[in-house]
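Asker: Next come the chains, spelled out residue by residue.
Protein chains: 2
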Amino acid sequence: MSKQVYNFGAGPAMLPVPVMEQIRDEFLDFQGMGVSIIEISHRAKQFEKVLLDAQERFRQLTGLPDNYKILFVHGGARMQFAALPLNLANRSAGRKCLYVETGNFAKLANKDAKPFGDIQVIASSADTNYDRIPQITPAMVDQDAAYLHITSNNTIYGSRYQSFPETGKVPLIADQTSEILSRQIDYSRFGCVYAGLQKNLGPSGTALVVIREDLLGHAAAEIPTLLNYETCAKDNSLTNTANTFAIYVTGLVLKWLQELGGLAAIEKVNEQKARTLYDLIDGTDYYRGVIQPEFRGTMNVSFNLPSGELEAKFLQEAGEQGLYALKGHRSVGGIRASIYNAMPMAGVEALADFMRDFEAKNG
Amino acid sequence: MSKQVYNFGAGPAMLPVPVMEQIRDEFLDFQGMGVSIIEISHRAKQFEKVLLDAQERFRQLTGLPDNYKILFVHGGARMQFAALPLNLANRSAGRKCLYVETGNFAKLANKDAKPFGDIQVIASSADTNYDRIPQITPAMVDQDAAYLHITSNNTIYGSRYQSFPETGKVPLIADQTSEILSRQIDYSRFGCVYAGLQKNLGPSGTALVVIREDLLGHAAAEIPTLLNYETCAKDNSLTNTANTFAIYVTGLVLKWLQELGGLAAIEKVNEQKARTLYDLIDGTDYYRGVIQPEFRGTMNVSFNLPSGELEAKFLQEAGEQGLYALKGHRSVGGIRASIYNAMPMAGVEALADFMRDFEAKNG
Chain X
1 MSKQVYNFGA
11 GPAMLPVPVM
21 EQIRDEFLDF
31 QGMGVSIIEI
41 SHRAKQFEKV
51 LLDAQERFRQ
61 LTGLPDNYKI
71 LFVHGGARMQ
81 FAALPLNLAN
91 RSAGRKCLYV
101 ETGNFAKLAN
111 KDAKPFGDIQ
121 VIASSADTNY
131 DRIPQITPAM
141 VDQDAAYLHI
151 TSNNTIYGSR
161 YQSFPETGKV
171 PLIADQTSEI
181 LSRQIDYSRF
191 GCVYAGLQKN
201 LGPSGTALVV
211 IREDLLGHAA
221 AEIPTLLNYE
231 TCAKDNSLTN
241 TANTFAIYVT
251 GLVLKWLQEL
261 GGLAAIEKVN
271 EQKARTLYDL
281 IDGTDYYRGV
291 IQPEFRGTMN
301 VSFNLPSGEL
311 EAKFLQEAGE
321 QGLYALKGHR
331 SVGGIRASIY
341 NAMPMAGVEA
351 LADFMRDFEA
361 KNG
Chain V
1 MSKQVYNFGA
11 GPAMLPVPVM
21 EQIRDEFLDF
31 QGMGVSIIEI
41 SHRAKQFEKV
51 LLDAQERFRQ
61 LTGLPDNYKI
71 LFVHGGARMQ
81 FAALPLNLAN
91 RSAGRKCLYV
101 ETGNFAKLAN
111 KDAKPFGDIQ
121 VIASSADTNY
131 DRIPQITPAM
141 VDQDAAYLHI
151 TSNNTIYGSR
161 YQSFPETGKV
171 PLIADQTSEI
181 LSRQIDYSRF
191 GCVYAGLQKN
201 LGPSGTALVV
211 IREDLLGHAA
221 AEIPTLLNYE
231 TCAKDNSLTN
241 TANTFAIYVT
251 GLVLKWLQEL
261 GGLAAIEKVN
271 EQKARTLYDL
281 IDGTDYYRGV
291 IQPEFRGTMN
301 VSFNLPSGEL
311 EAKFLQEAGE
321 QGLYALKGHR
331 SVGGIRASIY
341 NAMPMAGVEA
351 LADFMRDFEA
361 KNG
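Protein sequences appear in the order of chains X and V. Take 1 as the starting number for the first sequence in the working numbering and just add one per residue. Take 1 as the starting number for the second sequence in the working numbering and just add one per residue.
Isolated chain X, as found in the complex (with noise of 0.2 Å):
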């Protein structure tokens, strides 16, 4: 038996244990074929299944409604970004898609859709270092706009939207990638939501899309066929070769989060998780959270230390304790606890523990 480790790392993430032992055990012979489920095709019945499987489950977790189609789509959250306005900036006569800027993946967002349409970026907290979520008012909301992107959580930052804008009659957009299925949230109140699939679904290089009928129809002459959301939900996401392993062991994650309880326990668990956390971090001046508390997040919690030697040997003695992938991103430093949904209470107490005794030894 190996150690006990856990990993906050923020993607590609920790998965839940019964999934891995899952695929692990059924890996070279799935469901009797005497062959792996990488093994066999995209079109094969015994796919097709666990496709569909996969999203029945996500319809039934969320309460997705009828007429919103649920793709998987190549290249992870990052391809979305160029797909999104080849998608739908001609809904808009001007190509005009309105962006907020709430951190670093919302920022490649629209540094990425540039090419396809006229990026209007309507709102951003870059000023403030990107530790709040800023206010969006209906009238912020140009209604002759194709659509309204948002970040719903921002990985690097921790810091989530706690409600959604109102956003008239231009479709609402959310990179939901580093909070996905960790809270209940009304997909009616959106035109498309998406995720990569590497923190709360299941392994790398694969986006969930989804996405309200009315919202396909609409994409540029010029785009690759695989990123053309029409053409990926009227071939239910096989166009060409789907990353067969990725659904397959989404479905699982999915069956697992269904067995937990579904969304409402899930999300009682992940407000204990961070509470955990932030209530050590607001008890004490040795740790500082990096955003405003009124715009946390229950699945990144990011703070520093007094000082950077502090935090390396913080990071240093942390991995020998089996508390691993603790560092904040490169771009911020400092640290950064991510705590999906497969993270246990056991893993956030075992880092509260460790948080506490560090201090007492170098506070």
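Accuracy of the hints is not assured; some may be wrong.
Capping the alpha-carbon separation at 27 Å, the derived lysine-lysine pairs in DSS-like fashion look like this [claimed, not checked]:
1) X:Lys111 with V:Lys114
2) X:Lys45 with V:Lys327
3) V:Lys327 with X:Lys49
4) V:Lys45 with X:Lys313
5) X:Lys45 with V:Lys313
6) V:Lys111 with X:Lys234
7) X:Lys234 with V:Lys114
8) V:Lys49 with X:Lys313
9) X:Lys234 with V:Lys327
10) V:Lys107 with X:Lys234
11) X:Lys114 with V:Lys234
12) X:Lys327 with V:Lys234
13) V:Lys49 with X:Lys327
14) V:Lys313 with X:Lys49
15) X:Lys111 with V:Lys234
16) X:Lys114 with V:Lys114
17) V:Lys45 with X:Lys327
Keep in mind the hints are simulated off the structure, nothing from the lab. Quick caveat, the model's predicted, so the values are computed rather than measured.
For this one, chain X is given, so just place chain V on it according to the hints.
Answerer: Quick look at chain V alone, frame taken from chain X:
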């Protein structure tokens, strides 16, 4: 222990048994880390080593010259159908791109390229149902073109280029998806060679792209960031979260191939396997190969029986004997045995025995 089966699927295809066993054995604990390879960051030093190791093994196996980059690009071969003209069409003043149509995927390659260049099909074997590779003479290759694209092995039909066309200063690009690393080729003859991983390399969802350095830097202004080969080369395939599982498995497959004796060794085995089936087909009128003999490759052996009813019976009984996924592609029907690098001679002999037996009983 599960029953012995042989999986003749065209892709995602069978992978070498020792590779599959290693993946299973270390799935929960990669190199003593206590976490899985699919749970660690694409920027972790352990994954970086996996990536560099896979690239180095590919270079060793192929003797790839130093002025070629090895990239892992999202979306499989089909995504490259769009990425190629997006990266290269601007090399030609008229954005002229030349294509040879030798099968279904060759046709899709030029169809998907159409929005991004002046696509010209200079030769086709469509008129004889893709039963051959048309001859390409130097005079047919417009020297003002950005590139000439061929599909070096045609998965559905089993035809391949036995030698490659002379293209003058026009870069030759080959989709090698269904034959990469199955035989020795001189990479210096090509500007770019690419392949979806899911046949001879690893799991699905990603492509390996080999490109000569001087072909980088010509991308269209309106290109999705993740399809820009120059960006991908600069970031060593880590512009965003790569398909880490696929790259890891590919590295193991490359190691297996090196230990087997490399391309010279596998080429010999592949020739023996194909000859075993084609000798049988040539020795009877009962089975008829779909392509002209001089264009036969070693990866996909496609053939017909005297009637559709007999083909259905053949597939049914083969499946019952553990000979899987022998159904021809939905666009052509009949029988197809895909015998990629990982298919052992024993599997081919089992199929040949079954074919002789079936003919004896049903001939």
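Asker: Does Lys45 of chain X pair with Lys313 of chain V here, judged by a C-alpha cut-off of 27 Å?
Answerer: With Cα atoms ~19 Å apart, Lys45 of chain X and Lys313 of chain V stay inside 27 Å; holds.
Asker: Given the hint that Lys327 of chain V pairs with Lys49 of chain X, does the C-alpha gap stay at or below 27 Å?
Answerer: Roughly 19 Å between the alpha carbons, so the hint for Lys327 of chain V and Lys49 of chain X holds.
Asker: Starting from Lys327 of chain X, check that the Cα of Lys234 of chain V is at most 27 Å away, please.
Answerer: OK: Lys327 of chain X and Lys234 of chain V at ~24 Å, within 27 Å.
Asker: Could you grab the alpha-carbon distance between Lys114 of chain X and Lys234 of chain V and see if it respects the 27 Å cut-off?
Answerer: Holds, at roughly 21 Å.
Asker: Need the status of pair Lys45 of chain X, Lys327 of chain V: alpha-carbon distance at most 27 Å?
Answerer: The hint holds at about 13 Å.
Asker: For the pair we were handed, Lys111 of chain V and Lys234 of chain X, check the Cα-Cα distance against 27 Å.
Answerer: With Cα atoms ~18 Å apart, Lys111 of chain V and Lys234 of chain X stay inside 27 Å; holds.
Asker: For the pair supplied as a hint, Lys234 of chain X and Lys327 of chain V, is the alpha-carbon distance within the 27 Å limit?
Answerer: Measuring from Cα to Cα gives roughly 24 Å; hence the hint holds.
Asker: Would you mind confirming whether the straight-line C-alpha gap from Lys313 of chain V to Lys49 of chain X stays at or under 27 Å?
Answerer: Within the cut-off at roughly 25 Å; holds.
Asker: Between Lys49 of chain V and Lys313 of chain X, does the CA-CA distance stay at or below 27 Å?
Answerer: holds (25 Å)
Asker: Lys45 of chain V and Lys327 of chain X: Cα distance at most 27 Å?
Answerer: Status holds; Cα separation ~13 Å.
Asker: Measure nothing beyond the straight line between the CA atoms of Lys49 of chain V and Lys327 of chain X; if it is 27 Å or shorter, mark the hint as holding.
Answerer: Roughly 19 Å between the alpha carbons, so the hint for Lys49 of chain V and Lys327 of chain X holds.
Asker: Checking one constraint from the list: CA of Lys114 of chain X to CA of Lys114 of chain V, max 27 Å. Satisfied?
Answerer: Holds, because 23 Å separates the two Cα atoms, which is no more than 27 Å.
Every hint from the earlier list agrees with this structure, and none is contradicted.
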